[in-house]
Structure formats: structure tokens, C-alpha cells
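Those sequence lines, one after another, are chains A and B. The numbering used here applies: residue 1 is where the first sequence begins, and numbers increase by one. The numbering used here applies: residue 1 is where the second sequence begins, and numbers increase by one.
Hints are computed from structural coordinates only; laboratory data are not their basis. This one's a predicted model, so the numbers in the text were calculated from it and none came from an experiment. Heads up, some of the hints might be wrong.
What the hints assert, rightly or not - For lysine-lysine, the following PhoX-like pairs were computed, each having C-alpha atoms within a straight-line distance of at most 20 Å: (1) A:LYS93 with A:LYS138; (2) A:LYS123 with B:LYS95; (3) B:LYS37 with A:LYS46; (4) A:LYS47 with A:LYS81; (5) B:LYS37 with A:LYS47; (6) B:LYS85 with B:LYS37; (7) B:LYS119 with A:LYS93; (8) A:LYS123 with A:LYS135; (9) A:LYS81 with A:LYS138; (10) A:LYS93 with A:LYS123; (11) B:LYS123 with B:LYS155; (12) B:LYS123 with B:LYS85; (13) A:LYS138 with A:LYS123; (14) B:LYS95 with B:LYS85; (15) B:LYS37 with A:LYS112; (16) B:LYS107 with B:LYS155; (17) B:LYS103 with A:LYS123; (18) B:LYS95 with B:LYS46.
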Amino acid sequence: MQKRGFFKFSNKKGSLITRENLMHLGMIGILAMVFFILLAYVDTVKKDTQFEMLFLSRDLALLTNTIHSATGDVEYTYVPKEVGLNIFNFEFKALSNNDNPIVEVSHEGISKNYPYGRPSQIKDEYLLSGAKSIKFSKSDTKLAINKNE
Amino acid sequence: MNKKASFDMIVNLFRLLFTIVVFVSIVFLTRAFIQQKIDIFEAESKLLAHRIVLSNDINYIDMDTGRTYTGIIDLQKFASEDFEKNILNSIYYGKINSEASAKITLKYNDEGKAVEVEKFYNKELYNEKKVLIEAKLIGAGAARKLDTSFYVLVKDNNNLKEGVLNIDAILPNQ
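Sequences and hints are given; from them, build the entire structure.
This is the structure:
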């Protein structure tokens, strides 16, 4: 045990007080560190677009399925309120190895896709980017997908 | 080290441990509110059931007007051998469909006798995943099942009979 503490109070009682204060300072330091780490983590999650891509791929796959299921002609404009579309690229295509139709949403090199079912005779593929909304037009079994800027 | 110092050290250790527990709880609580997964199984399986019941491969189509009468099942179409191939081409997920499957059962009364006609959408996948459902397995490689029933009319030649169309949709977990 040091006879002289860090501060001017160098007697035994002083060193006890010093230790106590250092303990408190340490706790406050840890608390501040955890707080800022949590803040940085939440900020990273907020900036990350992967959740939006997951949501959009699933939402568009369900929507395409629904439009194909309707009998007769259908026209629908997709404008989600929760997320903006203009930063993402949308691709409605079939995977070459198994001809699986998928909706692929991509942004800055990362992509998420989800499958949907369509009539087997439809082979059209679409690539949209910078869209404010997406318009689906179905007549008979043909489905046209276009963007509105 | 004297007795008082060692007592102080033990007390400080407990304080430190308690503080660590509180911090860890705060971190876990924060992470618990951040949602990263989206589960659309219920929407997707109900959509598959509705897609089957609204399909031109199962519903009666008037030859003169070309109009589809949804909810009126054409028994000749449904009972034909081509039905399973046709429905698979109408709801096409690829050459090998590993996304969706269903068992379609039509029950109706024919002159007081209960009749049941059973068909499948993607029979191979249905039989494969049924085993996992019966074993009550969960996780990424497992599957989930949802039963949906529809009250329908069954058109047998020119007769209309009341019936129930039951669709057991099995979808593998994504």
C-alpha cells in the first residue's frame, strides 16, 4: 500500500479516498465507453441497408405472386411507405442453372433475393434502377414490370 | 494487507461484478429490439392456397364468354391426370421446385355418398417435407405446414354440388 496517494492527501485515509475516487472514475469511464459503443452499433444498424433489401425482396416476391394469381387484367403501382426505392437495383430474372424465378434487390455490391412462382411460359426479365415506384401490368398471362422515376 | 483492506477489496469486487452484469443486460436489451429477420411463412402459404384455388387449371371456365368462375371447381379438370402437371406449370418455381408444395383434397357429396379426390402440387417435395413436419423438426432445413379450407361448388357435367377444398401447404424454411 502506497504511503502517498496520487493526490495531495498522502496519509492512509487519503489513499483510501483516492482509491474510492479512482474506482468511481473507472466506473464512469466504463459506463461512457459502453454508452458510446452502443450508440455506434445502433448507428451502424441504422445505416445498414440489408434489412431493407430483405424486406423489399420478400415484399416484391409476394406481390408478384399475388398479381400472377389474379384472374383477368391487373395494374398495380408499388410504392412502399416505409422505404425509398431509388437507391436500390431491382432484377426480376431466372437463375440460369435451375430456371428459378427470383426477385433480386441489390445495393453497393450486396444483394438479397427471394423466389416467386410464375407461369412457366413467361420468360421476361427486368432490371430497374433509380425507381421511385414500380408498376406491374398484367394482361392474360403476360406481366410487364416498369419503373416510374 | 490488513483485514479492512481485504474486506474493501471483496466489496469492490462485488460492485464491479454487479456493474458488469448491468452493462451486459443493457447491451442484450438493446440488441433484442433490433429486428434482423423477416418471417413471411403465413402470408406465403396462404397465397399459395389462394393461388391454387383461383387457378384456371381448377376453376370452371365458360366456353362461350371465356369467363373464369372462381369457386366453382370443374371436376373433369381436377380429376384429370394432367392436373398436377398443369398446376406445376402455372405456379412455376423452376425445373426442380424446392420452394413450395401442397396436398389438394376435394370433398363433396355425390348422391348421398361422400367422395374425396386427392391431388398434389409438387408431390415429391410434399412427401419429402412431410416427414420433417411429423418429426416436429425446426430450423433452417425443416419445413412448416398450413391448412386452408374453402367452401366451393363442384361442377360435374351440368350438376353443381356443394363441397370443401382443403389445401395443406408445406413450405421449406428459408
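Unmet hints by their number, sorted upward, for this structure: Violated hints: 6, 7, 9, 11, 17, 18; rest satisfied.
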